[in-house]
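Undergrad: Sequence lines, in order, name chains A and B.
Residues in the first sequence are numbered consecutively from 0, following this note's numbering.
Residues in the second sequence are numbered consecutively from 0, following this note's numbering.
Read the hints as simulated data drawn from the structure, not as lab findings.
Nothing false has been slipped in among the hints.
In silico BS3-like cross-links for lysine-lysine, where the CA-CA straight-line distance does not exceed 25 angstroms:
| hint | chain 1 | residue 1 | chain 2 | residue 2 |
| --- | --- | --- | --- | --- |
| 1 | A | Lys260 | A | Lys162 |
| 2 | B | Lys273 | B | Lys285 |
| 3 | A | Lys104 | A | Lys278 |
| 4 | A | Lys4 | A | Lys306 |
| 5 | A | Lys260 | B | Lys260 |
| 6 | B | Lys278 | B | Lys104 |
| 7 | B | Lys198 | A | Lys260 |
| 8 | B | Lys7 | B | Lys306 |
| 9 | A | Lys198 | B | Lys260 |
Residues from chain A shown here face chain B by an in silico Cβ test under 7 angstroms; the list is partial:
| hint | residue |
| --- | --- |
| 10 | Gly53 |
| 11 | Asn222 |
| 12 | Asn236 |
| 13 | Tyr237 |
| 14 | Pro244 |
| 15 | His246 |
| 16 | Val247 |
| 17 | Phe254 |
| 18 | Ser258 |
| 19 | Leu259 |
Note that the structure is predicted; figures quoted are calculated from it, not measured.
C-beta: ideal position from N, C-alpha, C; glycine also.
This is what each chain is made of:
2 protein chains.
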Amino acid sequence: MLQAKYQKRGPVPQESIEAVTVEQPALKEGEVLLEILAAPINPSDVLTLTGEYGILPPLPAVGGNEGVGRVSELGAGVSGLEVGQTVLLPIGIGSWASHAVANAKGLVPLPNDADPRQLCMMTVNPPTAVLMLQQFVNLNEGDWVIQNAANSGVGGYLIQEAKRRGLKSINVVRRESALASVEGQGGDVNLVDGPDLHKRVREATGGAPVHLAIDAVGGEATNHLANCVAEGGVVVNYGMMSGEPCHVSPANIVFRDVSLKGFWLSRWFKNASKEAQGKLFGDVIKQIATGQIKSTIAAEYDVSQIKEAVAAAASGERNGKILIVPKR
Amino acid sequence: MLQAKYQKRGPVPQESIEAVTVEQPALKEGEVLLEILAAPINPSDVLTLTGEYGILPPLPAVGGNEGVGRVSELGAGVSGLEVGQTVLLPIGIGSWASHAVANAKGLVPLPNDADPRQLCMMTVNPPTAVLMLQQFVNLNEGDWVIQNAANSGVGGYLIQEAKRRGLKSINVVRRESALASVEGQGGDVNLVDGPDLHKRVREATGGAPVHLAIDAVGGEATNHLANCVAEGGVVVNYGMMSGEPCHVSPANIVFRDVSLKGFWLSRWFKNASKEAQGKLFGDVIKQIATGQIKSTIAAEYDVSQIKEAVAAAASGERNGKILIVPKR
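Here chain A stands alone, though its shape is the one from the complex (with noise of 0.2 angstroms):
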């Protein structure tokens, strides 16, 4: 079986990882065979591999954290599950292979007729994209929310959350060339980010408050999303895709009295309830086998030419998320 391993972490994420051919182990009581059919790369494992994100496994480690199997081989003592079934992949178990073994328990089984390239990126962005629309402000249908880095993984999520839920969103990409992508998605106002932003905001909502802006960019684009909302309103960052600190403005945080937050679905996991993931799990996935939300698919690759597909997730130039789709 083929895995995509690192033995350091550096700041070039291509350079630290490497397709390497491993014996399959043999299957202990219990245990059942995977073969992976899908595998995102997130932003959260680039900022993994270059030792930037907020939990660091132990090295030597196989890349990738969510994913979606399919079992191929039961060990001894396994019942409920049958070879064929679509699960998905345990959190950070390293995604990134042909092949992976997990117990056979808390396998969560997944509908064998969706899309696997869909299913693969359901634990992490959708749920963010819902939970960052609930956790923070209280909104109502036609209220208004603003988000930048909008032709991200979330940022798709978000929009059609939104549109599900009857928000408005306001989305803003950092580049021209980027609107495209999202004007497909069924937002209501496309932006490109820009020191008068609040301005052409104003302009497209005829003045309407808007009290949360998602910002996963951090820089002077946080503080342009402190000027766009509302008295009181909630800026909340879930990425740094700048590299650089959020700024925000003593005018904004002082006299308008805006504040910044954080969202981490990792610390989300750790706090909310068996059944409160259920039931975020439950929806995200009726969703995703209708075909009611998707992401948009930049390319795929094979665990072999995970230098090549790391390198692409980690530029800032591509529309749509890279997956690992190991050759069979």
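Assemble chain B onto chain A, guided by the hints.
TA: This is chain B only, laid out in the frame that chain A set:
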């Protein structure tokens, strides 16, 4: 009578303002004439002159927001006030003047035997310090709080208020030469700011958690404080002494759940009940009158010296407050 008046706003605050002699207006029914005893120049006053503050009075205007006066003449129909009574000037009256005319109704009498130079600073800085230690984090005796600009007016009151409540304070200043001025104030730890602030704080506190940080500086200094607070901690900004936006790293915001909020005393006044305001001022007056809290005074100027006084207040290199104390 002499007034410090400005007709325009601009980047160099002392250029806009000048001392002018105006005729003393005749008292209308219910009015009193006040001899102004003392009035401070606060950072918010400097920002009002440069046009950067959150509320700007219409032009032309007399400078000065708070101060203390003594009743020197009663208009017709005034009862319950005597000539010689020390009173708090109504907020925003234009306190940088030799005299002011005020409606007798609603004037707050102050102890005649207390130092007017201490009383004149009571409405802005002490409530700011008291409220920032109350409104954001529930602090118990023995808990730590960290602040920068600890040698400022608010900073000095905050050290004293923290001590009064049994809180431990870490007091950060921007230059070595300012350390001496905070060392006599009774704070627990006094440090000069820097990128390694969190390491020195950890050493000084033995790693005790700090849940509240108070920032009047902005720029990288905000993130230095964010580095010092525990997971879930709050950084409260109330000033922009660096002239830069607050910087906070997504690592602090996202991975450590640090949030950035703002405090503005004007908003508190707008929203707080009359009872809450009365209670707060009553406490502050008592503490100042009995010498329990006080502020360092850097220098005193006559109204005729307003340009020098404002220039001194706008300079970062002073230790203590600049006061206008009209000559008699």
